Amino acid sequence: MSKVLSIHNLHVAIAGKEILKGVDLTIRQGEVHALMGPNGSGKSTLSYALMGHPSYEVTEGSVTLDGRDLLALEPDERAKAGLFLAFQYPTAIPGVTVASFLRQAVTNIRHPDRKEGEDLIPMRDFRKELREQMDELGMDQEFARRYLNEGFSGGEKKRAEVLQLAMLRPAFAILDETDSGLDIDAVRVVSEGVNRFAAKHTTGILVITHYQRILNYIKPGFVHILFGGRIVENGGPELVDVLETQGYDWVREKYPEAARDEDEMEKQHAPLKQLAF
Amino acid sequence: MSSASTTTPPAAPGGFTELAFETFLRSRDEPRWLIDRRREAFTLFKAAPWPTSKDEEWRRTDIRGLKLDAFAPPGRREPDAEARAALDPLWQELSTHYATGIAQVNAEATRAADPAKLGGAIFVDLGRAVKESPELLRRFLLTEAVTPREDAFAALHAAFWTGGTLLYVPRGVKVEAPLFSLVGLARDGHVDMDHTLVVLEEGAEATLVRETSGRDRAGAPALHVGAVEIFAGRGARLRFVNIQNWDTSTWHFSRERALVGSDAALQWTVGALGSRLAKVNQEVALTGEGARAQVNGVMFTTGRQHLAYFTRQDHQAPHTTSDLLYKGGLKDRSRIVWKGMIRVEKDAQRTDAYQKDDNLVLSDAARADSIPGLEIEANDVRCTHGATAGRVDEDMIFYARSRGVSKETAIRLIVEGFFANVYDRITLEPVQETLRQAVADKLQLGAATPV
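Quick note, the sequences are listed as chains W and U, same order. No gaps in the numbering here: position 126 of the first sequence is 126 in this note's numbering, and each next residue is one more. Count along the second sequence from 1, add 277, and you get the number used in this note's numbering.
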């Protein structure tokens with residue numbers, strides 16, 4: 001049965017400032033969507049808001065996953081409902097190994113009704129599965145014993161995100177700038193991992209990017225342009241080529257109101273971005 | 278130390294009066310030399326200024342709530358069966374991890390070590406040591422590492438110490454099996470003044486795990502005034518673990534000092550978990566060339582606990598190394614005070630000293646004071662120090678939750694992870710596990726969600 005992730009008229013504000021101004025997007029399991037847009041158009045805001053980051057306030061609209069109201073759920077409940085976000089900047093958790101973190105996560109996702117303190121999935125089975133997934137991603141087994149994202153290179157972080165994706169088997173995965181900071185070989189390895197996984201589990205994928213590079217490897221069937229906090233264009237793969245050759249100027253001309261908002265957000269965004277780095 | 282005051286000392290308060298002292302002495306049947314030492318210490322106690330908030334070491338640690346006259350020196354009374362039984366589970370647990378141990382309940386020795394597992398070392402309660410090894414005690418007990426002159430509590434301890442542990446490892450003897458000592462207060466036990474004395478002669482090796490615990494005491498006030506003295510001779514190797522887990526009605530005061538000789542190595546791990554209020558001075562003195570000390574501290578406070586730990590790394594000889602890492606977690610309205618000092622004497626060239634204290638503050642009402650310090654008189658040294666106090670990072674929590682981990686588990690993982698680098702240094706797996714479990718248990722205490 002194919003599940004549906006449905007975003008309707010989504011408005012999101014940070015610190016009282018509206019960033020998303022009514023986003024509509026529907027993704028079915030097995031589909032690959034690309035969300036493109038210039039820096040500061042609200043792409044990351046959408047991914048954080050969908051996952052339920054406490055700083056992102058949904059002021060209007062709805063998000064459902066297979067009919068279930070995602071916005072009413074805590075972030076961990078959204079994950080259990082089948083949503084996954086591969087972070088643009090994965091957070092380091094010092095002292096917690098990749099393996100021990102993932103064992104907790106996998107247990108919770110596969111046994112959503114488990115109570116705190118109840119048994120984790122058996123160590124032997126977990127280790128075997130983790131080993132297999134790491135092999136598929138060309139990761140050294142030593143990696144499992146490292147502290148999560150601590151001292152990881154950019155490529156290691158993204159690989160660790162895809163490893164988690166593969167272990168958690170969500171119905172829908174958002175890949176937020178997963179290619180940023182990666183060299184072309186790493187983009188290929190990571191993308192192949194995603195493709196293999198998506199094909200096997202008919203995952204719905206939303207690739208968020210402002211480069212077309214990763215889309216050479218993860219081929220979207222649907223492409224959306226986010227501009228000034230709303231989706232202004234929906235199309236097929238040909239839209240990627242249009243953006244690649246023509247940039248966003250034509251979008252700006254075609255949607256003057258969104259362009260004004262975009263300029264406004266760009267101004268707001270600049271200092272925030274510096275902080276985020 | 279800086280607790281001395283030049284103003285007229287207020288009279289030492291007390292249930293530890295002249296009369297109580299004489300009664301205490303009569304109850305003990307001790308040799309002349311020891312009685313003389315106790316008298317000398319008692320005189321010092323009477324003369325010692327009682328700490329006030331004007332003393333640097335007591336500025337952040339308020340003991341006005343301590344009514345010393347509500348306590349009395351421990352009498353010679355066998356702990357009853359129920360008091361013994363209260364410590365039994367802990368005894369059993371320690372017995373499964375370590376080779377053999379001794380126990381003291383309500384200031385009386387209750388269990389002795391199995392001599393077959395000592396490989397030639399002496400490991401007895403201190404009362405027995407007075408009879409069997411008086412020459413060792415005359416030489417080492419409260420003479421050099423800790424003395425009654427330090428402050429009122431050291432003097433009080435030296436006058437009234439009861440029980441405790443002697444571990445003596447002769448020259449070249451390596452005690453492979455880890456030993457333990459359990460010191461407990463249970464039921465109607467109110468005062469413990471135990472003393473730990475560890476002497477390793479040249480080339481000797483040993484591991485001693487000490488745990489103090491208050492059990493089944495129904496919240497009655499208790500007082501512990503203790504001391505730890507460690508002598509590691511040339512080339513000796515000692516691992517010493519001291520897990521302080523008094524119940525939260527206990528006042529805990531302890532003076533602790535290790536003298537580490539040439540090429541000797543000490544690993545000293547402190548678990549500071551219990552007590553209502555603790556004031557501890559933990560010091561390592563590197564007295565011989567090439568001496569090394571690693572100090573590990575795991576602190577965790579809840580409720581209204583107040584734990585003040587003062588550490589000192591005294592480099593007195595060249596080519597000495599010390600490496601101190603303390604980590605603290607705080608919940609509720611609790612407070613941790615850590616003040617560290619690295620002191621390098623003029624002759625202690627090529628010293629390599631490190632000192633770090635990190636705290637994770639889990640509630641708005643908790644407070645950590647973390648104060649590193651350096652005093653360096655040599656000119657060819659490497660000394661590093663640092664201190665941090667932070668909160669559980671919201672981004673870490675969100676990241677973990679986005680992977681299906683509940684907020685509660687996320688915080689637990691983050692807290693465990695915070696302590697991981699100090700656990701990693703402790704080379705005794707059961708100690709790692711004990712501390713990990715204690716921190717996990719304390720993290721769950723109380724209804725309030727941390728953060």
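Just so you know, the hints here were simulated from the structure itself, not pulled from any lab data. The reader is advised that the hints may include incorrect statements.
Only some residues are given here: those of chain W computed to face chain U with a beta carbon under 10 Å [stated by the list, open to error]:
hint: 1; residue: Pro90
hint: 2; residue: Ile109
hint: 3; residue: Tyr147
hint: 4; residue: Glu233
These figures come from a predicted structure and were not determined experimentally. Ideal placement from N, C-alpha and C gives every residue a C-beta, glycine not left out.
A quick look at each hint next to the structure:
Here the hint on proline 90 of chain W is kept, as its CB sits about 7 Å from the closest CB of chain U, short of 10 Å. The beta carbon of isoleucine 109 of chain W comes within 4 Å of a beta carbon in chain U, closer than 10 Å, and the hint placing it at the interface holds. Satisfaction of the interface hint for tyrosine 147 of chain W is found here, the shortest Cβ-Cβ separation to chain U being roughly 7 Å, below the 10 Å cut-off. Among the interface hints, the one on glutamate 233 of chain W is violated; its C-beta lies about 29 Å from the nearest C-beta in chain U, farther than the 10 Å criterion.
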